[in-house]
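*Asks:* Next come the chains, spelled out residue by residue.
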Amino acid sequence: MAVTTNTYATPVRSFALPKIRTKHVIMVIYLAFMLIPIYWLFKMSLQTNREIMSGFTLWPQNPTLDNYRTILTDRSWYIGYINSITYVVMNTVLSLAVALPAAYAFSRYRFLGDKHLFFWLLTNRMAPPAVFALPFFQLYSSVGLFDTHIAVALAHTLFNVPLAVWILEGFMRGVPKEIDETAYIDGYSFPKFFVKIFMPLIASGIGVAAFFCFMFSWVELLLSRTLTAVNAQPITSIMTRTVGASGIDWGVLAAAGILTIVPGALVIYFVRNYIAKGFALGRV
Amino acid sequence: MSLVLEGVSKVVEGQHHIYPTDLTLERGTMNVLLGPTLSGKTTLMRIMAGLDVPATGRVVWEGRDVTGMRVQDRKVAMVYQQFINYPSMTVYDNIASPLRLMGVSKAEIDRRVQEAAALMQLTPMLKRKPLELSGGQQQRCALARALVKNAGLVLLDEPLANLDYKLREELRAEIPRIFEESGAIFVYATTEPEEALLLGGNVATMWQGEVTQFGPTPSVYRAPKDAITARVFSDPPMNFTRITKAGSKVIFGEGQAAAAKGALANLPDGSYRAGFRPDHLHLHAQGNDGLHFRCTLKVTEITGSETFVHLDHAGDPWVGLMHGVHHLEFGEPIEVWLDAAHVYVFAESGQLVAPASFAQAA
Amino acid sequence: MAQITLDNLAHSYLPNPKGEDDYALKQLDHVWGDGEAYALLGASGCGKSTLLNIISGLLVPSRGRILFGDRDVTREDTVARNIAQVFQFPVVYDTMTVGDNLAFPLRNRGMDAGYIAARVQKIAAMIGMEEVLKRKARGLTADAKQKISLGRGMVREDVNAILFDEPLTVIDPHMKWELRTQLKALHNEFGHTMIYVTHDQTEALTFADKVVVMHDGRVVQLGTPEELFDTPEHTFVGYFIGSPGMNLIEAEVSGNIAHCAAHQVALGGNYKALSGRVQIGIRPEFVTLASGEEGLPVTIKRIEDVGRHQILRAEFEGKPVNAILPEGMAIPADANRLKFQPERICVYVDDWRVAPLHSVSTPEEEAV
Amino acid sequence: MDKIQNNKAWFLVLPVLVLVAFSAVIPLMTVVNYSVQDTFGNNVFFWEGLGWFQEVLTSKQVHSAFGRQLMFSGLILAIQIPLGILIALSMPKKGFWASVCLVLMALPLLIPWNVVGTIWQILGRADIGLLGYTLDALNINFNYSRNPVHAWIIVVTMDVWHWTSLVALLAYAGLQSIPQAYYQAAKIDQASRWKVFRYIELPKMQGVLLIAILLRFIDSFMIYTEPFVVTGGGPGTATSFLSIDLVKMALGQFDLGPAAAFSIMYFLVILLVSWVFYTVMTNLDKAEGR
Amino acid sequence: MNLNWMAWTLPTAIFFAVIACLLLFFTFLAIKYPETPRRGILMIETTRGDRLFITLLGSAFINAGWLAMSGLPQWWALGICAFYAAAVFRWV
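From first to last, the protein sequence lines are chains A, B, C, D and E.
Going by this note's numbering, the first sequence opens with residue 1, and the numbers climb by one from there.
Going by this note's numbering, the second sequence opens with residue 1, and the numbers climb by one from there.
Going by this note's numbering, the third sequence opens with residue 1, and the numbers climb by one from there.
Going by this note's numbering, the fourth sequence opens with residue 1, and the numbers climb by one from there.
Going by this note's numbering, the fifth sequence opens with residue 1, and the numbers climb by one from there.
One should not assume that every hint holds.
Taking lysine-lysine and the BS3-like style, the derived pairs with C-alpha atoms no more than 30 Å apart in a straight line are [to be verified]:
| # | chain 1 | residue 1 | chain 2 | residue 2 |
| --- | --- | --- | --- | --- |
| 1 | C | 122 | D | 187 |
| 2 | C | 272 | C | 301 |
| 3 | B | 127 | B | 106 |
| 4 | A | 23 | D | 94 |
| 5 | B | 166 | A | 196 |
| 6 | C | 136 | D | 8 |
These are computed hints drawn from the structure, not numbers from a lab.
Because the structure is a prediction, the values reported are computed rather than measured.
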């Protein structure tokens, strides 16, 4: 049977008019719902307090960066951001460092009490911070860690470590255990294998876990406020001083709020490819 | 110089994955573990490799008990059914990794990697990452990594199962060649009898966690010790039927009587199971002393040079593999011939009572 | 049920294909008969899945038309084509019972309940799952799930075609026999047009009436298993079908004699003068071992005992040549020649087969 | 995947164990100790027995807070789970717009909780907030600091704004893991959109949805910061949920004993719910794995 | 490190000691006689450890219920718990 290979004409491509689909409408409405409150905060952050109080406007009449200037030039203001970022990063590193080997153990081995241990870890994710606030205060005071970054970082491991273990375990289960075994057969020791071969394999999982640790540590208020006074005070707690004798300075408050979103937005930007991929692969 | 398993067994959650097994594999031999999925091939290999610790028994390597020894300290190599490579490394680094860990000099590593790559036809791909390769190339990379170590024990767990048919054929021809050069003990697990035969060497047939027979491959094929071994080592599966021996007559199944010939002649009276391979069934008489059966034709399958004939013989499903192309009518009665010399007789318990006489002659 | 016509079909995944190389599926024109069982056979990446997707309506071809009967369905979607498909991995509705799974395509089409019940019973009997009709599909083995998928493909009587995309991948080797036989029996009983995609030659040959061999985006041969075996139209078919594949030897052909290096081989027919790369092909099944002066001199490398026959691996002029010898045949120590059956030899020019001018039925002309 | 029995794995878990034991077991023991004693400060304690427990268990105030809490959590689940699924179904499957949607949706999750509260506190005000102003313009007298119903509306809307994305992201992940072949098969079987959802998408999302329900239930059950910032628990006690009551008791009034007893009962309820979910989840896994 | 703030009392110390002993005892049991899951009236697979957990959590709620409803001495509730524990270990 001979095949004729004559002219390869330009293929007819399918075309369709862009239809307005329910899906898109839903998405647009939802995203608008997501963004409008943030916009509102942003709008206010560009207004002076007087302008805010003087009347309702949809956008700032005389945009000004004064509110931001107030925050970024006053050490007692911006130190809050530094404090927050310090303990959040400490917490993320700490949580991942201890969660990685543990998640490996849970994903690869059966051992005495493994399931109970896993559940117990998860219950800590579920423990209400309100329950622990006071004992934490006492505990960290007694070991002399009160009002330090490490105290908040340690306290936040309470809910971040279980979460990180859980997420990482899901990712690790997706890696065939034959890779581990091949490495051992090749002569890799466990630590060398873990760092050189295994961690690159679950990089996206580590990214997702780091994202969640960052997120939950960043947004938490109750414990971080209870465990700090002056030196390690997080921004969320400093923000309350906008309530002055003359009422609330809405403009500065809004600017401070917007600035708290920035680190989060940066983190999302860095893991944006992992979020989609990570969510799909992992068990989260 | 050998690998000896002494009463090795594996029990997981109260279930026997491997019943106590003794096996001696000599240096420089190819050993095939043949059995269906979940028959314990992989578990046995893992015990040999040191990835699993046996519940009982010892593993002795070159006269030394290595039962509890870490895998890292053993000189083994293993290739899995899945294409297992380190995805973050290039093919070169993949192949070089065991050597680097052994502390071999850079020049020596390069020489051996190049050599293994050439053998596996991977030289042009050395700079690429494994996931950019085709399945066959990925598996070649895994094989190269296993071979470059010069391990004394090379374990191959269904290495070709996930490859395309033709690719499998090519690699299957390559593996014995590589093996001949290495001088190591090769252990090769497979579900396919044909693959076992092609690889030659010794075969251990496995069924539900037990090694049913171990010996040179052709002799296990021709003289299976029991019905289970015969069934494991036959594709399409061996045909079975119940027979009753009474005097000089043998009654097949539901009453077709035939003169007791060949291996059947010397049996004591009683009830047995007869087994014969599909390729020994013929559509025409082959000489004078053939047994012949009336069957119903269910389906035929033509491969171009051969015809699979699916038959119903008094309730027993049979398969015949006939030379040449035959177009037959479905549902019709059909006559088939069988040389009595090709019939194995098994006791009700499954033990071989009388081997097929052709096999004894061979 | 309908005949399927592929009219001037070609497909490229690129938006603006330039040359032939850009096409994943090169031009093809075929008419596939109603009620026949076809197999699409080829190595991975040969374009067989592309063709299957075009037939099932998941892909619109870059060029050409596809007709079911007289109806042009090129741009119709899967539903309008009224076909059934079984996928490589079992697709079952986990939360439904086995029976509901089988009934699903019928219920969606609003069939009568009595008819559905009868039909489901019948299909369940065919795939051997009557016992578990009331069970949830979740938790069944992969084998069983794939059987359900097969059953769901069969349950509709009025489908134009049933497509199988490597359906036995997940099945245990021993089960494959059983399922393939069942499929074959179903085809005999219902007479659906079936298209079966696979890379496994045994599956393709045993299942199909006609096998479509694809290579590099091109259909290289469409024929019955016998035709593929006896007269491969392309060296790829010779190599791909059969195990081991066809022996190919470089030769020069004049008349009914092939000159291989310094030796001559008799052919089964006369050939006109050939230009290009000429090869002769002979299946190992038609090669016999001899000693003495007749046939091609070879070096015997090894003999493999495959049970029901032996494979002799030899070399002629440094190139491998294989022969299949009967079970139990002893190899004479002085054997060093291979003889070919002249009427079984095919001649290829630049990989495509050339037919002889007229067949020669005078074997006495056999040359030394 | 079959795992290997190896008790040495304990060494890998040890760091987690030590860390979590430090931050969980010691405080928990302390809470239990407090719950049976009374104190007036300065670490001077008096034995109180099970009195606090009795008080908490029979307290009208606690009961009504518990009822409000259940109602709130129920409402949250009833809105967020279906909405999250709907959003996940509407999201682009891949490409640039999928990333954009993911990033924008994840934004509220990364805003500190008191800022979330602040945003909605502002938004709901009739003088400077978009929502309040708009409603006012529509002649609806919206005042969440006076009207309990309005307070509930704003708290629930805020939580929906804040957390629905998490449900949507999880559901989206579940949807992504469905092989394309299922949709093709459904098409060939002529399944309606609803049936595709009911028999393919929903069963395949089951696992992640359980996680979503669990997370949302637990987190809404522990909610504190956001409503506290917006309404301060009011008007009256209309939006004072368990955590708000608890914090008021423990940190505000320094009633350590009752607060501890309260904490323990609170924790027990959460433990029970978590256990039920966890058991259901692992058993689902098993059914899938067979 | 000053532990006064933890405010230990004898009863709570005993309470935690008992739970710790129970855990140790069950760990010992698990080493000595490896656990095999079984399916009981709850239709879920449970091991010995799971049953211990169900017992402890259930007992907590029984005690709480008793305290809230009856007003009778708490020892009675402990008795009910003993029955409950036996039932759990027998049937779940």
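*Asks:* So which hints don't hold here, by number, going up?
*Replies:* 2, 5 and 6
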